[in-house]
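Participant: Chain residues, written in single-letter form:
Number of protein chains: 2
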Amino acid sequence: MPNPLANVTVLDLTHVLAGPFATMTLADLGARVIKVERPRSGDDTRAFPPFKDGKSAYFSALNHSKKSIALDLKAEDDRAVFHRLLARADVIVENFRPGVMERLGYGWRDLHAAYPRLIYGAVSGFGHTGPDARRPAYDMVAQARGGVMSITGEAGGDPVRVGASIGDIVAGMYLTQGVLAALFDRETTGKGRKIDVAMLDSQLAILEHAIAITTATGTPPGRTGARHPSITPFETFHASDGLFVIAAGNDQLFERLCVCLALPIAEDPRFATNPARCKNARLLKRLIEAVTLDNTAAFWIAKLGAAGIPTAPIQDVAQVLKDPQIEARRMVVDVLDRNGRHAFTAAGNPIKLSGMEDRTTRRPAPDLDGNRGEILHWLEDDTGG
Amino acid sequence: MPNPLANVTVLDLTHVLAGPFATMTLADLGARVIKVERPRSGDDTRAFPPFKDGKSAYFSALNHSKKSIALDLKAEDDRAVFHRLLARADVIVENFRPGVMERLGYGWRDLHAAYPRLIYGAVSGFGHTGPDARRPAYDMVAQARGGVMSITGEAGGDPVRVGASIGDIVAGMYLTQGVLAALFDRETTGKGRKIDVAMLDSQLAILEHAIAITTATGTPPGRTGARHPSITPFETFHASDGLFVIAAGNDQLFERLCVCLALPIAEDPRFATNPARCKNARLLKRLIEAVTLDNTAAFWIAKLGAAGIPTAPIQDVAQVLKDPQIEARRMVVDVLDRNGRHAFTAAGNPIKLSGMEDRTTRRPAPDLDGNRGEILHWLEDDTGG
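Here the protein sequences line up with chains A and B, keeping their order.
The opening position of the first sequence corresponds to residue 5 in our numbering, with each subsequent residue numbered one higher.
The opening position of the second sequence corresponds to residue 5 in our numbering, with each subsequent residue numbered one higher.
There may be inaccurate statements among the hints.
Facing chain A, a subset of chain B residues (Cβ under 7 Å, in silico) [stated by the list, open to error]:
| hint | residue |
| --- | --- |
| 1 | Thr156 |
| 2 | Gly160 |
| 3 | Phe188 |
| 4 | Ala322 |
| 5 | Lys326 |
| 6 | Arg334 |
These are computed hints drawn from the structure, not numbers from a lab.
Glycine is no exception: its CB is placed at the ideal position from the N, C-alpha and C atoms.
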């Protein structure tokens, strides 16, 4: 069975994170992704540390399996090549500041008129409309203005940044969804669509509970450290050797937890219901820790886990990469060098599809302009293979 | 132009967050989503506060625009109805613990044999394979075990939970991608696929930079509060009335920032390059704040913004909901009651598609079993409308 996007060609004009993250998923689903980079420097992240054998680990993790051609989109010869690529492509993706593509003559209207089947995906800080469309943004701008920092951090402390770049990544994921929906839609209509995704919009889209609280009560939620704002016990607890998580999301789980900890408090009116537990959360935490401090996190995770209570270690990234479940799920892959040897480590494809091989290796990230000959040859080939 | 998923019917057996978030996006793209709920109680989140007129704001924000039928999948009559639904559906989505659907006789193998075109989407804590497949998980279990908590929080402080439920939501987004890819693929193959997404896998998939650092240096990154781990200045700064963000991602932006702040340090070797700035970040922060403390955050955001420097307020959720850019992008929508009046507020659709109306209202979330008559009538109608 061919991969779902086996016959899809993506022209990838993106750089840094949000756009390359989106096209990486398309590549993982089988698309041919051709990175069109500016001559000489290429994607900024080629110069981002850390490096290995002169290559950026960061760039490699986001751009493996793609091909590269360097084109100066202001030079006549290169524009001619670009038009031949446009004529063969199914999708073009870009994350320039709004207006850049129009100035090059490659805005959505021009492209749609010339290539009506072409799908045009754009991701930007604030989107292509609205008063701030042309303002620049980075991940942290989206995290701060979009609200997620206001609800992340210690109670009474300052807002902190989410350690993963969700300002970029969530927007890239919505762009991928839009491209996939447009590909499906085109099977019926024969026409491409433009997809316009904003990092700011995408942050709002993931606030869920916080929006319900804010509009129902008039008061926006604050920060609660490692505690869930409305479920108790659902937070970190101290064991003898460090913190771990217990997430007892309902009364049955709380009763089971009390049995496991030999704490005779499941019937206590201060703890019998979730609202009561939320009100007495500080007291409950101390009662629980008076037990859990007596043994290691691993002991409690094994014991509570065996009783069906959701619990977890707080793993650092090195531990995550070696987690047996992550290994069994093939979620860590080797980006190969040109000799087929391991060069870099990257995240695998989290979309596990029946009938699609879940490989644990990836083709190398391309050198700048490294596939020019192959791409030009492919353009000559009329069979479209 | 019809909406991209106008002819797609989704049987939605999901509950709580990850699954309903995925089917909400499918509904926003035009799919007919039929929520199949257990009789009497239905989706747990129907009982989640806050409430308005007896209805959960949380449930409404995630389940607007869907229809509901209550079916006991262990009762013969209801199973017969369910089979008629399966015969008409394009997609079934579930987020039960692995094994539950098999015990009901509705596992992927059985369904694929009986309904070869049906697409089967599953999202679970740890996926359908691997040693921990059957363990229970909640959002915070995925955040903790998946590594994101280890890099979120103050430097030297404890790990904190990301305020948005990204353990659930990112997994739901990958499931949506898988369903959309399978819909496109089916146009060619005529066959459905199974999509198996795990919350744990999905957390690893968004760690990007942290994986590159860990594998290149052998040391996993820690917490850095509101600072970017490898770009400076890229963090929060104090103005006279509170914190705001400056994200000067390269040397040109840093030079412009120095001009705006009248700080003659752009050529200073301690600050001339990003590595030097990272090394002297604490000193640089004090030099910048010695200027920014002199005026308000709004003043600096306007001044730096006009100079093209990425900057932002740290908005609470109430401020985000009233942000003019968010309003211009139609990112806050009204969930209507049955009389067409505003009942709840929800996030809009961040996937802005040409040719698709971007409505600012949504149909009500369904009462439990509230569309039984309509759904049974639709099943009678052989035209498939």
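Participant: Compare the structure with each hint and give your call.
Facilitator: Now the hints, each set against the structure:
{"no.": "1", "hint": "Thr156", "result": "4 Å, holds"}
{"no.": "2", "hint": "Gly160", "result": "12 Å, violated"}
{"no.": "3", "hint": "Phe188", "result": "4 Å, holds"}
{"no.": "4", "hint": "Ala322", "result": "4 Å, holds"}
{"no.": "5", "hint": "Lys326", "result": "10 Å, violated"}
{"no.": "6", "hint": "Arg334", "result": "9 Å, violated"}
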